[in-house]
Amino acid sequence: MHGAGRRAAPVLLALASAVAAACSNPTVPNYNALAGFPHTAASLQSEVTGAFDGVRSDIGNFQLFTDGMARNTAYFTASEQRFVSVVTGESFAGAGDLFMGPSVWDFYFNAIKGIDTIIGNIGAITVPTASGSGPLPATQQEALFGAMETLKAMYYMYIAQTRDTLGVPVNEVGHPIGAPPTPILCARDVWSQIVAMLDSANDSLTVAGSATAFPVAMPPGFALVSGNAGSFAGFTRALRGKARIELAYSSGRPVDTLSIGTPNAAQLDSAIADIQSAAPVYSATLSAAAAVPAADLGVFHTFSTTSNDVQNPINTNAAAIWVLQDAMAEIDTLDNRFVAKFGDAGAANGPTSVGAHIASSWHYVNNISGNAPIPVVRNVELQFLLARAHLAKGDFATAIALVNGVRTAVGGLPAAAVAADYVDARNFLLAEQRVSTMTEALGDRLDALRDLNLVAARDTTWSARSGPDGIANQIAGGTKDFQTSVIAIPLGESGARNGNITPACP
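Position one of the sequence shown corresponds to residue 142 (my numbering), numbered consecutively onward.
Since the hints were derived computationally from the structure, they do not count as laboratory data. A virtual CB, placed ideally from N, CA and C, is assigned to each residue, including glycine. One or more of the hints may lead you astray.
[As the list claims (entries may be wrong)] SDA-like mimics (lysine to any residue), calculated; alpha carbons at most 20 Å apart, straight line: (1) Lys-254 x Thr-323; (2) Lys-534 x Gly-511; (3) Lys-254 x Ala-265; (4) Lys-254 x Thr-181.
[To be verified] Simulated restraints on C-beta separations: (5) Gly-261 x Ala-486: 49 to 59 Å; (6) Ser-428 x Val-268: 34 to 44 Å; (7) Thr-398 x Leu-632: 29 to 39 Å; (8) Ala-489 x Gly-261: 55 to 65 Å; (9) Thr-270 x Gly-636: 47 to 57 Å; (10) Thr-280 x Gly-640: 43 to 53 Å; (11) Ala-489 x Ala-352: 51 to 61 Å; (12) Gly-273 x Gln-417: 45 to 55 Å; (13) Gly-535 x Ser-418: 14 to 24 Å; (14) Asp-565 x Val-268: 24 to 34 Å; (15) Gly-640 x Ala-354: 41 to 51 Å; (16) Glu-471 x Asn-641: 15 to 25 Å; (17) Ala-486 x Asp-565: 30 to 40 Å.
All chains, full assembly: derive it from the sequences and hints.
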């Protein structure tokens, strides 16, 4: 926003599938006639609170689907077997489009449109002055733009993480509601746009000045970064570091399971710089307390059991979220990171619903409640993102050292001896990342499996584990399963485009 005018930042357009979610709002703004709405400090606080609130109800779906597709955990419930059968690959994912498709879509696009409203009217906001009223001070305008643009990019990242190569529709601010939908862009261009948004946000926070306070209050989960523009910029750079790794891999993934591929080195270098400059969210110092996610440095979605608020959506299902046997093969049950979240119900007390034979006897029972926060980004996660960037650059020794740092300081385990080669360093990173971040709605393991061309290699063939619940592989010969690593673009979106959802990659 700084300088002669606000940088033109691309935004995702909420299309047909977002209409139903919008109907729950008491007032649906006319985004083509914004002048009809009040632009005061009081209305601004209400709008900003709504922007932060936008996806809290749906973030549980992000966790259940990304963790299941990464073969970490699954939600075993007799009332909806597709949480296991579709998400982990016993049934064809396309058959579950109405089950999975609208997730991580409608709420996120509606939240983005609300943020667009705020951004489009920052200059019109009036506040009391000595002479009556006037605009927000220029530094606060910059700070507010930087924070809102960061939040918007964060929502884009959730959508991009769940759609990957399926792509995401991208459009300029103010696209007329009745206009034809814009093309769905490929993953490379989507991540490029996200990085550009975070560039713009970081620039505005810098222009605002590190000590500039925000003109609004932020949720408790943002307390670490809400004091001023300088601290919030640390959050912006943390997200940008994560986005740069995805951009680096978007056109340079390996073609086999034994090579690094050709990720963009400049983006990897910038990701490392971003993360290392992301204080107060990032710190090279780690502690045992960080085994509990809420005790780590970070930014969090917050929840409450008070009337009219949103409870932690994972908590409702926690006791029925069971660690899969795939994951248990890599986990030390004495690891502090594991026991901080999971408890052993005993071999005779595991799940009994569809797919039970792929579950272990461990389920989510510790440090979870209706009030528990869910991480947006936290320091332990950033250690693994740093390690991933160094791994992609071929600096295996640094990647191993970073991962061992988490293993020893947070996990309470002895350092592992790992050969400084690609495959050994990669496998070590994936195993330690898994136990560190599973069930935290971060999606990092799923990102890594796709980037490293390991989705198929880490497949679990259902027929090889057919059990007493009678599940059988539906592919003739039983040689592989229906595992997916993406959520389908919703049928409503596809219908609005006459079925043309092939991503464009100019």
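Hints, one by one, checked against the model:
Taking the CA atoms of Lys-254 and Thr-323, the gap is about 16 Å. The hint holds against a cut of 20 Å. The straight-line distance between the Cα atoms of Lys-534 and Gly-511 is roughly 41 Å, outside the 20 Å bound, and the hint therefore fails. Of the pairs offered as hints, the one joining Lys-254 and Ala-265 holds, with about 18 Å between alpha carbons and a cut-off of 20 Å not exceeded. Straight-line distance between C-alpha atoms of Lys-254 and Thr-181 comes to about 19 Å, which keeps the hinted pair within the 20 Å bound.
In this structure the supplied range 49 to 59 Å holds for Gly-261 paired with Ala-486, their Cβ-Cβ distance being about 52 Å. Range check, Ser-428 to Val-268: about 41 Å between beta-carbon atoms, so the 34 to 44 Å window is met. For Thr-398 and Leu-632, the Cβ-Cβ distance of about 34 Å falls inside the hinted range of 29 to 39 Å, so the restraint holds. For Ala-489 and Gly-261, the Cβ-Cβ distance of about 59 Å falls inside the hinted range of 55 to 65 Å, so the restraint holds.
Separated by about 50 Å at the C-beta atoms, Thr-270 and Gly-636 satisfy the suggested range of 47 to 57 Å. In this structure the supplied range 43 to 53 Å holds for Thr-280 paired with Gly-640, their Cβ-Cβ distance being about 48 Å. For Ala-489 and Ala-352, the Cβ-Cβ distance of about 60 Å falls inside the hinted range of 51 to 61 Å, so the restraint holds. Checked against the hint of 45 to 55 Å, the C-beta distance between Gly-273 and Gln-417 comes to roughly 46 Å, which is consistent with it.
Between Gly-535 and Ser-418 the Cβ separation comes to about 23 Å, which falls inside the hinted range of 14 to 24 Å. Under the hint 24 to 34 Å, the C-beta atoms of Asp-565 and Val-268, about 58 Å apart, miss the expected range. Taking the beta carbon of each, Gly-640 and Ala-354 are about 49 Å apart, inside 41 to 51 Å as hinted. About 41 Å separates the C-beta atoms of Glu-471 and Asn-641, a value inconsistent with the hinted range of 15 to 25 Å.
For the pair Ala-486 and Asp-565, the supplied restraint of 30 to 40 Å holds, since their beta-carbon distance comes to about 34 Å.
Hint violations for this structure: numbers 2, 14, 16, all remaining hints satisfied.
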